[in-house]
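Asks: What follows is the residue order along each chain.
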Amino acid sequence: MERIASWFGGRTVAAFVDRTRKKLAAGKLEEAARIVELGLEKFPGSSSLLDLRLSLRRARAHKTMRRLEGRIDASGDPIAYEELIKLYQELELPDEARRRAERYCEAHPSRDNPHLVLGEMDLEAFLDDFSARHGYSAHGHLVQACNLNAMALRPRTLLAELFFCIGADRSLATVLSALRCMAPETPEMLATFEVMERVADEDAEERLDGLFERIEVEGELVRDPEDWPLTKRQTGKTYVSEERAEPVAQRLLDQGTMEEIVILRRDGSVVTHATAGGAGEESAGTLIQPTSAGKTFIDVVRTVGRKVFPQATEFDMGKFKRCTIRGATGNVVVGRVGNVMVGVRGARSEEPVRMWDRLSVALESVCGGAV
Amino acid sequence: MKTILQDLNDAISSRGSLVVARDGMLVASDVRDGVDVERLAALGAALVTDVGATLRASDIESFSHIEIAAENGKVVLAEAGPLYLLVLVGARLEIGPGSIEIQSAAKKLVRASGLALQ
Chain A
1 MERIASWFGG RTVAAFVDRT RKKLAAGKLE EAARIVELGL EKFPGSSSLL
51 DLRLSLRRAR AHKTMRRLEG RIDASGDPIA YEELIKLYQE LELPDEARRR
101 AERYCEAHPS RDNPHLVLGE MDLEAFLDDF SARHGYSAHG HLVQACNLNA
151 MALRPRTLLA ELFFCIGADR SLATVLSALR CMAPETPEML ATFEVMERVA
201 DEDAEERLDG LFERIEVEGE LVRDPEDWPL TKRQTGKTYV SEERAEPVAQ
251 RLLDQGTMEE IVILRRDGSV VTHATAGGAG EESAGTLIQP TSAGKTFIDV
301 VRTVGRKVFP QATEFDMGKF KRCTIRGATG NVVVGRVGNV MVGVRGARSE
351 EPVRMWDRLS VALESVCGGA V
Chain B
1 MKTILQDLND AISSRGSLVV ARDGMLVASD VRDGVDVERL AALGAALVTD
51 VGATLRASDI ESFSHIEIAA ENGKVVLAEA GPLYLLVLVG ARLEIGPGSI
101 EIQSAAKKLV RASGLALQ
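Just so you know, the protein sequences line up as chains A and B, in that order.
Sequence positions in the first sequence follow my numbering and run 1 to 371.
Sequence positions in the second sequence follow my numbering and run 1 to 118.
Derived from the structure by calculation, the hints contain no laboratory data.
There could be a bad hint or two in this list.
What the hints assert, rightly or not - Listed next, the in silico BS3-like pairs over lysine-lysine satisfying Cα-Cα at most 30 Å (straight line):
1) B:K2 <-> B:K108
2) A:K63 <-> B:K107
3) A:K307 <-> B:K2
4) A:K23 <-> A:K319
5) A:K42 <-> A:K28
6) B:K2 <-> B:K107
Since this is a predicted model, take the numbers as computed values, not measurements.
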């Protein structure tokens with residue numbers, strides 16, 4: 001191990017990646033895993049190394065997966081279903097987790113747990129992409145879980161979280177009264193009741209259909225999930241510090257291999273837009289309205305984030321990594337880093353994946369708490 | 001064109017492929033069960049027209065290919081003369097815009113589109 005560590009002293013991300021791939025090709029999974037971990041100690045935000053780590057974890061979990069699948073095939077064991085779904089989620093295989101949860105639902109229609117699992121998956125997907133489809137599905141599964149188990153606390157708290165985030169204040173009032181009857185008075189629950197009481201309104205007019213659609217179109221929730229006290233979502237997301245992102249972008253541009261960097265918030269407003277040489281920079285916080293005459297690289301990033309990524313989610317491909325565009329005059333890479341959408345443009349000679357790796361590593365260094 | 005797409009799908013085990021014109025219009029398609037051709041065509045149109053328009057405005061006059069990479073698959077859009085070839089592939093890492101099969105299919109589409117225009 002020490003020998004490996006000394007070999008990698010002062011090496012680049014590419015050196016770690018190449019060495020890991022060689023070990024993988026030779027079937028040496030343990031050594032490959034050690035090299036990846038060493039690389040990630042040095043470059044914690046490297047997307048290439050994180051991808052390799054995930055591939056290795058998947059390879060090593062293969063036997064456990066087969067064992068759990070065997071138990072499901074043999075007896076339809078609900079515990080095996082739940083363990084397998086959890087394993088798929090840990091290995092960042094959301095589509096497999098969903099498929100297995102759907103089969104769990106079919107195999108055990110009277111159990112509330114598969115609906116809870118699917119409801120929570122859909123809730124997380126909805127809070128991530130704001131798609132009405134996920135919103136409806138989350139609502140449907142969580143309501144079903146509540147109906148199947150009158151005393152279940154978890155689907156009700158998740159339903160309350162959904163109503164809180166979308167501003168369904170009348171529905172929130174209904175869940176609040178149900179929770180008051182069954183929830184223990186722990187400090188977390190009392191804090192949640194307090195938040196719910198502030199906004200719940202049993203006389204409010206509301207139509208859930210309209211609320212979900214409006215959020216999808218506007219690309220913004222009514223209330224921030226960060227303000228929900230009960231569940232801090234374990235999405236593995238990092239939050240890029242807006243104040244520190246701009247100097248990082250400028251530093252990368254100064255290195256001379258990238259020409260333009262754009263960092264956007266979820267709503268499309270600009271955190272940073274920097275170009276090599278400094279021309280055309282936008283100040284942080286500006287919401288640039290696209291006009292037919294003034295389209296810029298910001299619009300490229302915004303279009304990929306708003307139109308391409310949501311449409312591509314329809315094809316069951318799992319979590320998105322990035323969109324790479326190779327053009328005659330340059331290359332562009334657009335992807336999500338934590339809470340922001342990032343786009344980078346470089347010369348044609350600049351390899352897009354390497355460009356993205358450098359950018360994601362640099363942004364990792366300015367990740368912190370919630371924005 | 002349909003045959004070219006079928007051969008490509010068989011060669012790389014892709015989930016589907018289609019040809020879109022530069023205005024985003026669907027020209028030909030071949031998709032496996034479970035893939036909604038309308039949705040895939042809409043994605044192709046969004047890439048060619050919406051992204052294409054913003055790229056042109058951003059001084060990137062033309063693009064040779066676009067790749068959307070995800071954990072378990074990718075969408076590849078490759079230039080094929082006056083058309084674009086869009087391929088939905090699974091988790092095979094080696095398949096990309098530069099892969100021989102996709103490039104070969106794109107060249108065949110160029111020839112086929114030339115014949116169609118005559």
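Asks: Now tell me if each hint is right for this structure.
Replies: Quick rundown of the hints versus the structure:
1. Only pairs whose Cα atoms come within 30 Å are accepted, and B:K2 paired with B:K108 is accepted, the gap being roughly 11 Å.
2. At most 30 Å may separate the alpha-carbon atoms for a hinted pair to count; A:K63 and B:K107 exceed this at roughly 43 Å.
3. For the hint linking A:K307 to B:K2, the alpha-carbon distance of about 27 Å falls within 30 Å, and the restraint holds.
4. With a C-alpha separation of about 26 Å, the suggested pair A:K23 and A:K319 falls inside the 30 Å cut-off, and the hint holds.
5. Proximity of A:K42 to A:K28 is assessed by CA-CA distance (about 22 Å); at most 30 Å being required, the pair is judged to hold.
6. Only pairs whose Cα atoms come within 30 Å are accepted, and B:K2 paired with B:K107 is accepted, the gap being roughly 14 Å.
This entry does not satisfy hint 2, going by the numbered hints stated previously; all others are met.
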